[in-house]
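What follows is each chain in one-letter form.
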Amino acid sequence: MKEMSGADMVVQALVDLGVDTVFGYPGGAVLPIYDALFNHPSIKHVLVRHEQAATHAAEGYARSTGKPGVVLVTSGPGATNAVTGITDALLDSIPMVVLTGQVPTTLIGTDAFQECDTVGITRHCTKHNYLVMDPDRLGAVIHEAFYIATHGRPGPVVIDIPKNVQVATGSYSVPEKIEHQSYRPQVEPDAGAIAQAIDMIAAAERPIFYTGGGVINAGPDASAALRQLVSLTGAPITSTLMGLGAFPSDDPKWLGMLGMHGTYESNMAMNRADLIIAVGARFDDRVTGRLDAFAPEAKKIHIDIDRSSINKIVPVDIAVVGDAGRALDALIAAWADKGHKARDLGEWWRRIDGWRATRCLDFPEKKDAGAEIMPQRAVKALFDATRGRDPIITTEVGQHQMWAAQHFGFAAPNRWLTSGGLGTMGYGFPAAVGAQIAHPNRLVVCIAGEASLQMNIQEMGTVSQYRLPVKIFILNNEWMGMVRQWQELTYESRYSNSYSDSLPDFVKLAAAYGWTGLRIDTLGELEDGIRQMIETPGPVIVDCRVAKLANCFPMIPSGAAHTDMILQPSDVTGKMDDEAKALV
Amino acid sequence: MKITTETGERHVLAVTVDNEAGILAKITGLFSARGYNIESLTVADISADHALSRITIVTSGPPAVIDQIIAQLDRLVPVHQVTDLTDQGAHVEREIALVKVAGTGEKRIEALRLADVFRAKVVDTTLSSFIFEITGNSDKVDRFIALMRECGLVEVGRTGIVAIARGPEAL
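Chains A and B supply the protein sequences, listed in that same order. 455 is the number that the numbering used here gives to position 455 of the first sequence; each next residue is one higher, with no gaps. 111 is the number that the numbering used here gives to position 111 of the second sequence; each next residue is one higher, with no gaps.
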């Protein structure tokens, strides 16, 4: 038990919790904590240029390391600017602790300078939040917050600390056992449910694994267990956007991503399966398409650490509440215990091979050196050029994100950082900053659209300051491409406000920040340009000019079933009824 | 295009929570954010050390929605336990209403007579008014208030439901 100021307590607790990096931005209400952090020997503070970027950088740090991301911002605008990233972390189950300054307790509720109701504003976009009024409670709250952020379904936790609580002294000690007094998420799966599930898996004629971000959150061992179980059963596997990397994309059992921009084979296999084994995935609307036509012939097993995910959208036959890794281990053990043998799934695989034969990710392109670059080709070229370098890829949100998900292959988890649930434009670049801070020697590439990138482009300064070798690879088509694509699908190509007008010269912008800027205009320049990007030390921005009007296919239009995929542009009619228009 | 909404059956939920600042906002916010109904909500702390509160929520929805409401409540960090009293079986529901009736003459006498039938207590009176206190399930309170409308009703305050399962067991 030691007596210290609240600010010192914050820093001491972070040290005791093993925190090495804090992403933040100072301001009046957090000055005491910033002073306690001054020249700190073990905690590196990364000064961002906007608080939203601090939260996304913390997400990138968390997603690429498995450790919680930590954010420090001031009261009022500092806190409100962080809200988008906090919500993003909630939707994608990213462990994060956000420390916000607050006006002194004596001024709370008086509309003081830079006062906002931070706990009120973040109540529904955090897993949990605190307003600490008593310095004696502060240490325990910080330890508890990290426990909550990282246990059960991970998520963001906000700790709002009034300035006088940072200055006042209180007693601090490391709790003997760090936990919450009542929050006990179920981690171990129910043995009965596992036994039933494994019998169903062994008996299925047309099984498919449908996995999500929960497998990544459960750690690398969960991904290894997933590979083992898939190999034991011989079943095909598809994944959500958030789950990419849990299963190697070069394995023949991999069908690619499913859902709105998923592959034809994965969506058809989901539709015709007799058993879906959902692991750490939540039957999101991007995945299911029209619900009354979703997987009509399939029984469903749903493994999820969050009971509220089960039966939320799709009723399931067997619910397994628990950690994805533990559940997969238990299934593997039960498979052996019961002496199950893999069935002959030959007929099922023949049907899948038939769907694969549509080669749904192929795209038309011209091959001459002077030809315009198809965006899909740019992603494939980047993938080819970075093979063997184990890159970390982040994306912004839009067409480029879907092309990256379709055409970039991942062999391992924690290499693919993207905003899935909230779909936050402006996520990718700061997430790359966070990932690069955590992995200073790795190749970190943000695949961006020219529109999304501009939402947090101010972080170029952060990259320069910390000499981070982040690479930004812009698929520049001068459009908010996904918005334009939907306008083509739904509004007869009335392009209302979707053109990226008045773009900066990205090469000159690079120079202004002390980066290297490159421009790629034609197919002939693509490979060299990418090689140059990789080989140039320090940060590089690549303005890769791609075909302006390319659209992202395949696509399940909103309100359609898995079997009603648009495979090519000629399938687009340009009109939809109101029911479909009303869907996002 | 018309927007349709689902209706469903009424459920009474008993929710035990940490008695901490903002917990009520968290619960009611969950209901509004996810589009669930609240017909009634009551809360008070129930432990000697003031550490725990019990919230009684009356809600309605199809079975899948009720199941989802319970799961969503249960995942909140400060929530200890969620019990669906309706699902669990027999339980007692009570609420209190204070009912102010103003008037003189025959209506005033009729109000007093009806109050007696409903075992409502007079807790305040002037020469031209009564305040009745009535305790019972919501139906009984509704019926009493409906009758009082004919007898000079001027104001009503209701607590909302508290409920507890029958029998010797605790939650």
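Calculated directly from the structure, the hints in this document are not laboratory data. Even for Gly, the Cβ is constructed at its ideal location relative to N, Cα and C. Treat the hints with caution; some may be incorrect.
What the hints assert, rightly or not - Under the rule of at most 25 Å between Cα atoms (straight-line distance), these lysine to any residue pairs were calculated in the SDA-like manner:
(1) Lys2/B / Met576/A
(2) Lys177/A / Lys2/B
(3) Lys177/A / Asp18/B
(4) Lys2/B / Trp486/A
To be verified - Computed footprint of chain A on chain B; a stretch qualifies when at least three of its residues, placed anywhere within it, have a C-beta under 8 Å from a C-beta of chain A:
(5) 55-64
(6) 69-75
To be verified - Covered stretches of chain A, as calculated for chain B (at least 3 residues, CB under 8 Å):
(7) 90-101
(8) 114-124
(9) 308-315
(10) 574-583
To see whether the hints hold, each was checked on the structure:
1. Lys2/B / Met576/A: Holds, at roughly 16 Å.
2. Lys177/A / Lys2/B: Distance of about 55 Å is beyond 25 Å: violated.
3. Lys177/A / Asp18/B: Satisfied, since the Cα-Cα distance of roughly 20 Å is no more than 25 Å.
4. Lys2/B / Trp486/A: holds, 23 Å
5. 55-64: violated (count 1)
6. 69-75: n = 4 at 8 Å, threshold three: holds.
7. 90-101: As far as the stretch 90-101 of chain A goes, the hint is violated, because 0 residues have Cβ atoms under 8 Å from chain B.
8. 114-124: holds (count 4)
9. 308-315: holds (count 5)
10. 574-583: holds (count 3)
Of the numbered hints given earlier, the model fails hints 2, 5 and 7; all others are met.
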